[in-house]
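All chains, full assembly: derive it from the sequences and hints.
Protein chains in written order, with our numbering: chain V, 1 to 250; chain W, 1 to 342.
A portion of the hints provided could be inaccurate.
Said to hold, decoys possible - Dumping the calculated DSS-like pairs for lysine-lysine here, alpha-carbon to alpha-carbon at most 30 angstroms:
| hint | chain 1 | residue 1 | chain 2 | residue 2 |
| --- | --- | --- | --- | --- |
| 1 | V | Lys213 | V | Lys120 |
| 2 | V | Lys16 | W | Lys116 |
| 3 | W | Lys257 | W | Lys182 |
| 4 | W | Lys126 | W | Lys263 |
| 5 | V | Lys232 | W | Lys257 |
| 6 | W | Lys247 | W | Lys277 |
| 7 | W | Lys266 | W | Lys277 |
| 8 | V | Lys16 | V | Lys120 |
| 9 | V | Lys104 | W | Lys182 |
Source of the hints: derived by calculation from the structure; they are not laboratory data.
These numbers were taken from a predicted model, which means no experiment stands behind them.
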Amino acid sequence: MIHAVLADDEVLARQKLRQLLRSETEIEIVGESATATETIDLVRATKPELLFLDIQMPGMDGFDILTEISSGETMPPPCVIFTTAYDQYALRAFEIHAIDYLLKPFTRERLASSVERARKQILLNQQPAQNGSAGVARSPYANRLVFKSRGRIIFLPVSDIRRISAEENYVRICTQSETHLLRETMAHLEERLDPEMFLRVHRSSIVNLQHVKEVRTESDGEYAVVLINGDKLSMSRSYRSRINEWITHS
Amino acid sequence: MRLFSYHVNLGTLISGWGVQYLLWGILCWLFWWWLGPRFQQATLFYTITRGLPLSIVASVVEEMIWVACFPNMPWNPKHATYWHRFAFHANAELISNMVIFWGAFGLFRGVTYYQKYRDRESAAEKLKTELVNSQMRALRMQLNPHFLFNTMNSISSLMHTDIAAADDMLEQLSSLLRITLKRGEVQLIPLSEEMEFIEMYLAMQDRRFTGRVTQEICVEPDLHDALVPAMLLQPIIENAYTHGLSKLNKDGRLVVKASRHHKRLKITVTNSGTGLKHAPTRDNPRQGVGIANVQDRLRLHYGSDQSISLVQLQTGDVEARITLPLQISNQPTVNLAGDSAP
Chain V
1 MIHAVLADDE VLARQKLRQL LRSETEIEIV GESATATETI DLVRATKPEL
51 LFLDIQMPGM DGFDILTEIS SGETMPPPCV IFTTAYDQYA LRAFEIHAID
101 YLLKPFTRER LASSVERARK QILLNQQPAQ NGSAGVARSP YANRLVFKSR
151 GRIIFLPVSD IRRISAEENY VRICTQSETH LLRETMAHLE ERLDPEMFLR
201 VHRSSIVNLQ HVKEVRTESD GEYAVVLING DKLSMSRSYR SRINEWITHS
Chain W
1 MRLFSYHVNL GTLISGWGVQ YLLWGILCWL FWWWLGPRFQ QATLFYTITR
51 GLPLSIVASV VEEMIWVACF PNMPWNPKHA TYWHRFAFHA NAELISNMVI
101 FWGAFGLFRG VTYYQKYRDR ESAAEKLKTE LVNSQMRALR MQLNPHFLFN
151 TMNSISSLMH TDIAAADDML EQLSSLLRIT LKRGEVQLIP LSEEMEFIEM
201 YLAMQDRRFT GRVTQEICVE PDLHDALVPA MLLQPIIENA YTHGLSKLNK
251 DGRLVVKASR HHKRLKITVT NSGTGLKHAP TRDNPRQGVG IANVQDRLRL
301 HYGSDQSISL VQLQTGDVEA RITLPLQISN QPTVNLAGDS AP
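Here it is, written out as structure tokens:
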């Protein structure tokens with residue numbers, strides 16, 4: 001069971017969250033607050049694992065509330081999902097490792113995917129800190145990407161990416177259900193992504209190795225990478241040695 | 001010019017002239033600095049009452065200095081006192097000095113008139129651009145409420161039948177409004193942004209026409225940064241639905257395509273609707289504000305260097321075609337890039 005606190009100064013906003021969370025059976029709402037001090041007191045008293053936090057609250061803003069919460073106590077601070085009508089704090093929220101950034105109004109599906117991510121993160125936090133997890137935390141590679149797409153703020157875990165393709169000055173990031181067009185370079189993305197997980201197979205494509213089904217030699221002697229969903233990507237000669245290396249390793 | 005009754009060497013003569021024009025140069029500069037603004041607006045009365053005495057004073061002063069500088073001309077000081085020489089030179093040079101003074105005065109006024117003319121010209125030009133801008137702004141702003149109210153009506157209708165769908169559509173509308181508001185009154189935007197808006201709009205239409213229409217967007221990769229007027233395609237796509245796709249019960253198809261043709265951008269919106277017979281024309285009062293608005297804005301932005309037409313293809317599909325001069329944006333938008341370790 002995940003204990004959650006809802007912090008929002010608007011009654012109707014809290015009501016909506018409460019209604020939508022009713023279908024999330026794992027979530028138990030342990031309290032609601034409407035001001036900054038109420039929120040801080042409530043979190044200290046109930047020690048929830050998850051906090052739904054509005055950014056604009058009477059008293060202080062959401063970020064100040066979090067600083068206050070984590071300064072006082074020795075307990076681990078809760079995972080945070082921001083719910084707000086403003087998109088300008090997204091980068092800051094991302095930097096303090098918020099689980100997600102929901103722009104109001106949000107849909108049931110959008111909330112459900114945030115809750116799912118929170119659940120995974122909370123599980124991870126509950127595991128006794130082993131030497132392995134400490135190593136991951138110091139990884140120099142990006143764990144998530146943040147960007148705006150179609151009027152939403154996306155905190156995309158890199159593991160959700162299936163492939164990335166270049167379109168001149170842009171890249172297209174494909175996940176299971178969506179594609180996002182970003183103004184970004186392949187080289188820049190490639191150096192931020194973990195090479196254990198992602199492989200550049202062509203000047204214009206990067207694949208997530210977890211989604212690669214096979215590497216095929218075509219009748220004309222060229223190589224092609226086939227993804228689990230059936231997508232086929234051609235592979236250039238200069239990148240072939242890399243995938244051979246990967247095949248022999250795995 | 002100077003009348004000499006005896007031989008002077010050429011060097012002295014040239015330095016004499018040089019000093020004369022140098023002195024006038026300094027005097028004119030002083031006048032410009034001291035009286036410039038008053039000269040610029042001088043009336044005839046001012047010119048006569050102040051300019052005339054000033055010209056005489058200036059001529060006399062210049063001559064006095066000059067005579068002091070060249071004591072050997074035209075006679076040696078042994079033969080004539082300073083005042084003798086001054087009287088001679090003043091008499092000989094008064095007319096040419098006056099010509100120099102009034103020449104410079106005329107030049108000041110000429111420059112002023114030219115500047116005023118240029119200012120007026122650029123002000124007129126600015127006014128014209130502002131007028132065009134405000135027309136474009138008005139046309140652009142006309143689209144927002146139009147589109148907003150249509151969507152609100154759909155949501156209002158959905159609320160009676162499918163609350164979850166109404167909820168989703170409200171979220172989609174909010175996302176659309178968010179990017180529209182952020183864009184503000186910018187007229188030309190990169191095609192990638194227009195297409196992002198269109199994708200969101202199409203997702204909303206898809207909800208209204210639950211699976212009856214397949215949608216496809218196809219943009220050549222080097223055209224993502226091509227500039228287009230904001231909200232160019234939404235009215236056209238809305239039309240494709242209203243006059244074509246909405247009349248089908250299944251298997252509708254909508255294709256939006258952007259391609260490069262020589263140095264022009266070509267955008268087509270193709271729908272497998274019911275052919276052109278139901279299509280609106282400009283004279284048809286039933287036609288929405290949308291297409292007329294697009295036509296007007298294209299004309300304001302590109303003059304006659306653009307085209308928009310509606311044709312029926314061999315297959316029976318109806319295609320709206322727009323061509324524009326290809327301009328590539330050099331101020332790319334940033335999508336808030338960032339990343340983090342866990």
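Ascending list of hint numbers which this structure does not respect:
2
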